[in-house]
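**Q** Work out the full structure: start from the sequences and follow the hints.
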Amino acid sequence: MEFLALVDISYLLLIFFGVALGIVFGAIPGMTATMALAVCLPLTYSFDLNHSLAFLLALYVGGISGGLVPAILLNIPGTPSSICTTFDGYPMARNGEGERALKIGVVSSLFGGLFSLAILYLFAPLLSDIAIKFSYIEKFLIIFFALTVIASLCQSMLVGIFSGVLGILLSLVGVYDTVKGGNGDIRLITPALEDMLYSGFSLLPVLIGLFGVGAILADAEQGVKEETEGAKLDLLSGRKFDLSAFRGSAVNLVRSSFIGTFVGMLPGVGGSAASVLAYTQEKNFSRDSSMMGKGAPQGVIASESANNGLTGGALIPLLSLGIPGDSTTAILIGAFTLQGVQVGPLFIGENVETWNMMVLSMFIANIVMFVVMFFAIKYIAKVVTVPKYLLYPIIIMMCVSGAYAINYGIMFDVWSLLLFGLFGYIGGKLGLEITPFIIGFILGSSAEIYFVKSLESFGTMTIFFTKSPIALFLWLLIGMSVAFSIYSNKRSKSKTA
Amino acid sequence: MKSLKAGLYIALGTAFALSASTAMASDAPISGNLRIVIGSNSTGGDTYQNAAIIAAHLGEKLDMNVRVDAVGAVAGFRALKQQGKTGATIMFNHDQSYLGNLYGVKGYDDIFAEYKIGPTISINPGNAYLVPKDSPYKTVDDIIEAAGKGERVRVSVERGSASNIGFSALENAVKMKYPGAEKNLALINTGSQSDKNQALFDGQADVIHGSIQGNEQFTRLPADDQKAMRFIWITAKGETIEQMPEEGLGETTRDMMLQWTDPVTSVPQSADGDLFNFDKMFYFMYNKDIDPKIVAYFDEAMTEIFEEGKIQSDFKRSFFIPSFRASPEAEKFLVNKKDDYAEILSAIQK
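Protein chains in written order, with our numbering: chain L, 43 to 539; chain D, 1364 to 1713.
Derived from the structure by calculation, the hints contain no laboratory data. From the three backbone atoms N, C-alpha and C, an ideal C-beta is built for every residue, glycine too. One or more of the hints may lead you astray.
[What the hints assert, rightly or not] Which stretches of chain D does chain L cover? Using the computed rule of at least three CB atoms under 8 Å from a CB of chain L, they are:
(1) 1401-1413
(2) 1426-1432
(3) 1467-1476
(4) 1514-1527
(5) 1559-1567
[Stated by the list, open to error] Quick list of simulated restraints, FRET-style, between CB atoms:
(6) Met522(L) <-> Asp1588(D): 31 to 39 Å
(7) Lys336(L) <-> Gly1613(D): 54 to 62 Å
(8) Asp1426(D) <-> Gly382(L): 22 to 30 Å
(9) Gly382(L) <-> Asp1390(D): 34 to 42 Å
(10) Val413(L) <-> Glu1663(D): 49 to 57 Å
[What the hints assert, rightly or not] Below, simulated DMTMM-like cross-link-like pairs (lysine to aspartate or glutamate); rule was C-alpha separation at most 20 Å, straight line:
(11) Lys1444(D) <-> Asp237(L)
(12) Lys222(L) <-> Asp1565(D)
(13) Lys1496(D) <-> Asp171(L)
(14) Lys1469(D) <-> Asp237(L)
(15) Lys509(L) <-> Asp1565(D)
(16) Lys1469(D) <-> Asp227(L)
(17) Lys1590(D) <-> Glu392(L)
(18) Lys175(L) <-> Asp1588(D)
(19) Lys175(L) <-> Asp1587(D)
(20) Lys1679(D) <-> Asp90(L)
(21) Lys1444(D) <-> Glu236(L)
(22) Lys175(L) <-> Asp1565(D)
(23) Lys175(L) <-> Asp1497(D)
(24) Lys1469(D) <-> Glu236(L)
**A** Quick look at the structure:
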């Protein structure tokens, strides 16, 4: 416990400000935890390693957690990993349970964060040995498994699968980058558009375009009356929050936190897959999932505990292998390199003090996140009482700023935002299903890379079935997920008939 | 009275120091903010690390706000073309800028034709190749011999990158000794270091590209650990490694590193007995139409920074080697280097 002597007031203040700033970044559509770290990394040059890491880890925890606020109140995922929070969070808000949904989300985030931290602290080196058993093939199968969620989330299975495949297709536009192990060729665009679409469509502009701008256009069609949103979304008309919301959800909470931690420790799979997988598992395996997608607390619990479970999970490969688990920890590694510290398999054993301080920082950051968000919720939630004619222009402005900033000032990202806003609006009218589309878009490029790499490495399709017992187990899960989706689809059809 | 005098002296001293430090800024052809785009998307890699060091010194010297943006090579080229004319956006990258073009990777322009080459800044001497600790290949010669005798040796590198040139040099060496057998060296196209390491863990590659900084800890693992690796070749010149601190990095001392560089470990480049080596060089690039006064201004600033001598210790602390050349000299140096590697590639293609 000698490391506790290093805790000083500046350390605690950095964690507090880091969490607060992270929450702001996460809560603004188009701004993410990754961006928060990228913007703040240069500020840490003058700090020592422990203070620098405390600040950046606090930003990470705050940034991931803040995404639930717009997801629940505005139906716009603040970060890609809070996409599944919108499925039940927003319907809860519309039923007058906005404050309750937010509090459920915050408690779930705290649980997920602390759960993954405990796993990180106790089992990091052991789990990194397990993580390296997951080759291209197993990673592809995990993503494929996450893609099966499309079948269980759509209204019409055929249209849903079409929308998901369209999402995958659009995610592949642009260069097959050599940095990802590709061949550098440009796909699916004409030479005239190569300059603009060289890197394809960025995820954040597409996400906030579909969810934010698309919804605003749909509302604009109805006409924005001079009423307050609060008139429709009375925050207090629904049930109040109490811990009974978690009754019967212990399995969901632990399973989703575990999924988040597990996906986080597999480099390259991506945080969005964590909440998508956790949400699907709850939908497929809970005793009653009939209300999911219509405002069930269990959906918010699954999504939020999984995406915060990611925070500890993504640090496992970083600190045990020197490999960042996700895009945000890829920025975090910069803090080590700028201080001339190498992370790798011997890092924890050789830097016990730094390791303990990191775990302590994460622990304090989770507690601060909980305190700040839980008690600020009744004020935060009032955002929905702002009249639409004021709220919407502000949202659009934030979306445009976020889209412009995401790739350090690319104007095409703003056009992508508006284009996909229009696409979401028109697609909705044509019956296209937006949720499967965006899940396909998020997971498509990773699926492609791991599929192609698997074939390049092993040269045969049968390897997907014969590579390892892990691969067989994943096929079993995929089969069960697809079978359940077909069964529940038929059951809901027969009910409506 | 004494304290008043002391205060006055301190104030005068501070004013003098400030005026000296901002002297360059008073007649500056450029002021305000400076954006340095780098040819990597990562803030954890050596490009960002080197850029951050020079950016901090440059910001202080020029009294400007300097920001480093990790945008990647192609986006960096684009930013340089579109926003670089005023000198407020400049690019920092390493040899990959021209190697990408030599290998025909889309989006990689001919930097010597399309941009103005700025000063060289530093070298990362850590460019290395590794094998599993229990690999039958003990030396680079073992690999050349194995490939020459028909054994398939799989080498994991990123196509068209700085890691690819070492692979090409190996191909060339095999071809010189065993013509036609170079096809036995198989390029396993992998992107990130994580993917390269994973290829080794999975047994999908026999040799991977890595770095001293990124892979040194793996070399200290026991041989029965699936993650254990061994250095087999460091591409930097022996004389470059000689400039490193004696204690090296981690538990790998400078003397140990010298065992994996030329002349102890060598890859022949030509029949004349030339040896291949590759010092990963970092340098600036500017928009082609940048005002020559700005180029001279940056050159002057960086010359002063290197003369002051503080930056050298910053680079060495991070395991890099300072290597400054002003713009005209840097361009000649890099053109020669590019021609050298172009010869290897054309020899392989013959």
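**Q** Under the constraints set out in the numbered hints, which ones does this structure not fulfil?
**A** none
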